[in-house]
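Participant: Given next are the chains, with one letter for each unit.
Number of protein chains: 2
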Amino acid sequence: MGHTTLKDAVAERSIFDHAPAQIEDSSQLLTREQLLGKLHAIGAERYHHRHPFHLLMHEGKLTRGQIQAWVLNRFYYQQMIPIKDSIILSRGDVEFRRAWLKRIVDHDGSGQGTGGIDAWLLLAETCGLDRAVVASCEHVLPGTRFAVDSYLPLVSDGPFLQAVASSLTELFSGKLIALRMEFLKQHYPWLSEGLKYFKARLTQSREDAEFAFAYVFEHARTREDQELIAKALTRKCDILWAQLDALYYAYVAPGNLPPGAWQSEATSEQ
Amino acid sequence: MGHTTLKDAVAERSIFDHAPAQIEDSSQLLTREQLLGKLHAIGAERYHHRHPFHLLMHEGKLTRGQIQAWVLNRFYYQQMIPIKDSIILSRGDVEFRRAWLKRIVDHDGSGQGTGGIDAWLLLAETCGLDRAVVASCEHVLPGTRFAVDSYLPLVSDGPFLQAVASSLTELFSGKLIALRMEFLKQHYPWLSEGLKYFKARLTQSREDAEFAFAYVFEHARTREDQELIAKALTRKCDILWAQLDALYYAYVAPGNLPPGAWQSEATSEQ
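First to last, the protein sequences are chains A and B.
Using our numbering, the first residue of the first sequence is number 1, and each one after it goes up by one.
Using our numbering, the first residue of the second sequence is number 1, and each one after it goes up by one.
If you are wondering where the hints come from, they were derived from the structure by calculation, not from laboratory data.
Please note: incorrect hints may appear among the correct ones.
With a straight-line cut-off of 25 angstroms between C-alpha atoms, the simulated DMTMM-like cross-links for lysine to aspartate or glutamate are [what the hints assert, rightly or not]:
id: 1; chain 1: A; residue 1: LYS196; chain 2: A; residue 2: ASP130
id: 2; chain 1: B; residue 1: LYS175; chain 2: B; residue 2: GLU59
id: 3; chain 1: B; residue 1: LYS38; chain 2: A; residue 2: ASP130
id: 4; chain 1: B; residue 1: LYS231; chain 2: A; residue 2: GLU138
id: 5; chain 1: B; residue 1: LYS231; chain 2: B; residue 2: ASP157
id: 6; chain 1: A; residue 1: LYS231; chain 2: A; residue 2: ASP93
id: 7; chain 1: B; residue 1: LYS102; chain 2: B; residue 2: ASP149
id: 8; chain 1: A; residue 1: LYS102; chain 2: A; residue 2: GLU218
id: 9; chain 1: B; residue 1: LYS38; chain 2: B; residue 2: GLU182
id: 10; chain 1: A; residue 1: LYS231; chain 2: A; residue 2: GLU210
id: 11; chain 1: B; residue 1: LYS199; chain 2: B; residue 2: ASP157
id: 12; chain 1: B; residue 1: LYS231; chain 2: A; residue 2: ASP93
id: 13; chain 1: A; residue 1: LYS38; chain 2: A; residue 2: GLU207
id: 14; chain 1: A; residue 1: LYS38; chain 2: B; residue 2: ASP118
id: 15; chain 1: A; residue 1: LYS175; chain 2: A; residue 2: GLU59
id: 16; chain 1: A; residue 1: LYS231; chain 2: B; residue 2: GLU138
id: 17; chain 1: A; residue 1: LYS231; chain 2: B; residue 2: ASP149
id: 18; chain 1: B; residue 1: LYS199; chain 2: B; residue 2: ASP118
These figures come from a predicted structure and were not determined experimentally.
Please put together the full structure from these sequences, using the hints given.
Facilitator: In structure tokens form, the structure reads like this:
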């Protein structure tokens, strides 16, 4: 692994290797390639691979306490995934439900220790966090909570196409996770035993992204529908980004903890 | 006005002048004074008079661009108030609705230029912001948006008592606004012509707080109901606090703008 920064890695093995969309007529239905290009352009600007917190993480510049804060807060997002997917499931037809159901199983598993939520708790334990404290979600930053909670109306209100399109960040997540696993192993070797979650997501997210993109492309009948897809992806990027904003503000700089926020042992000893 | 910092002012003319609650039995119904004491203790810790952004504001340490960012983002909260109050209205009985209706009129007014929303847009114009840009809410920080949006499920889901109790931050807002008006005039004289909103709130918020507290005290039949009231107030404090966290992060320190965020003229010239 010769890369020193995420920037180098992105430059060499681009996460966003899709040609930019060439779209001239704002009323014309986009082709498959044009729509994919448009979504990739949104990801290139707004997906959280560019967030300053992730850049610090991938450059090995986070303390153990900051990694813990990330794992603890991000769990709130993880535990919400099967909830939002259940809402989406409730709005689909039988064929859609058969395809979408796997997402819930991927996260919930079929018994203790088998799904993504348990795998995230394993990551938490590997970080030295108390499993029950993380699982309680009691110490999540309000900013993280509000961002994640906003995922529910995004999938329950508005057109069904919007609900499905909100998952399209998975177009980008596979490559980000592959990079992240390398960087985590390199810079935080004490985390190496806790990476089961990411390993599983590598294949899961590719399958999910392919299905979701094929579905929204096929069901978007008008250019307005396609714009709605782009808007849902933008909002979802905002949800991911705002979680990291809250984390950076509280645990990196300026380091202002909101009332009641979780403190790492290092912080509380100061 | 001899105070130099909000801290001094709070110490002298305490916003939170209520005796702390003496509560020994965790199952016993609280008296009026005990409940009020409990709510004031929450405010003393969590109300946004203590937020670092407000402290900077009240000490005269914000730039014009930072004041503009506050006014622009806070408008998203202002325009949501009559929406959340309409939801609360829809859940009350006729007597409740008669009392609560005034809140909607306070903010919407009875014609152009007469309500709190228009008064906030006047403040925006006084700051040098474009009225239409602010009114569009297009440039609101995602963190602000998610925090404010979470006000809606807080009043639409869960018990009606929770919906009413979420307004109890008005127990504290009158005194904060009185202080703020003095500090704004002192430190940002170019804002003086735009303070109509705050002036109106001085009396409105006192009336509103008295009604809401009387209502929740009367309708809380069990200690669990009273705990629910306290929890709703806590969550509402989080909503106010998280808006300022997002603002501080983007416009004070570290100054990381999320993708698509509003930039002040000073910032965009840099």
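Participant: Each hint: holds or not?
Facilitator: To see whether the hints hold, each was checked on the structure:
{"no.": "1", "hint": "A/LYS196 with A/ASP130", "verdict": "holds, 18 angstroms"}
{"no.": "2", "hint": "B/LYS175 with B/GLU59", "verdict": "holds, 17 angstroms"}
{"no.": "3", "hint": "B/LYS38 with A/ASP130", "verdict": "violated, 30 angstroms"}
{"no.": "4", "hint": "B/LYS231 with A/GLU138", "verdict": "holds, 13 angstroms"}
{"no.": "5", "hint": "B/LYS231 with B/ASP157", "verdict": "holds, 14 angstroms"}
{"no.": "6", "hint": "A/LYS231 with A/ASP93", "verdict": "holds, 23 angstroms"}
{"no.": "7", "hint": "B/LYS102 with B/ASP149", "verdict": "holds, 22 angstroms"}
{"no.": "8", "hint": "A/LYS102 with A/GLU218", "verdict": "holds, 21 angstroms"}
{"no.": "9", "hint": "B/LYS38 with B/GLU182", "verdict": "violated, 29 angstroms"}
{"no.": "10", "hint": "A/LYS231 with A/GLU210", "verdict": "holds, 19 angstroms"}
{"no.": "11", "hint": "B/LYS199 with B/ASP157", "verdict": "violated, 33 angstroms"}
{"no.": "12", "hint": "B/LYS231 with A/ASP93", "verdict": "violated, 39 angstroms"}
{"no.": "13", "hint": "A/LYS38 with A/GLU207", "verdict": "holds, 20 angstroms"}
{"no.": "14", "hint": "A/LYS38 with B/ASP118", "verdict": "violated, 38 angstroms"}
{"no.": "15", "hint": "A/LYS175 with A/GLU59", "verdict": "holds, 17 angstroms"}
{"no.": "16", "hint": "A/LYS231 with B/GLU138", "verdict": "holds, 13 angstroms"}
{"no.": "17", "hint": "A/LYS231 with B/ASP149", "verdict": "holds, 17 angstroms"}
{"no.": "18", "hint": "B/LYS199 with B/ASP118", "verdict": "holds, 13 angstroms"}
Hint compliance for this structure: hints 3, 9, 11, 12, 14 are not met, and every other hint is.
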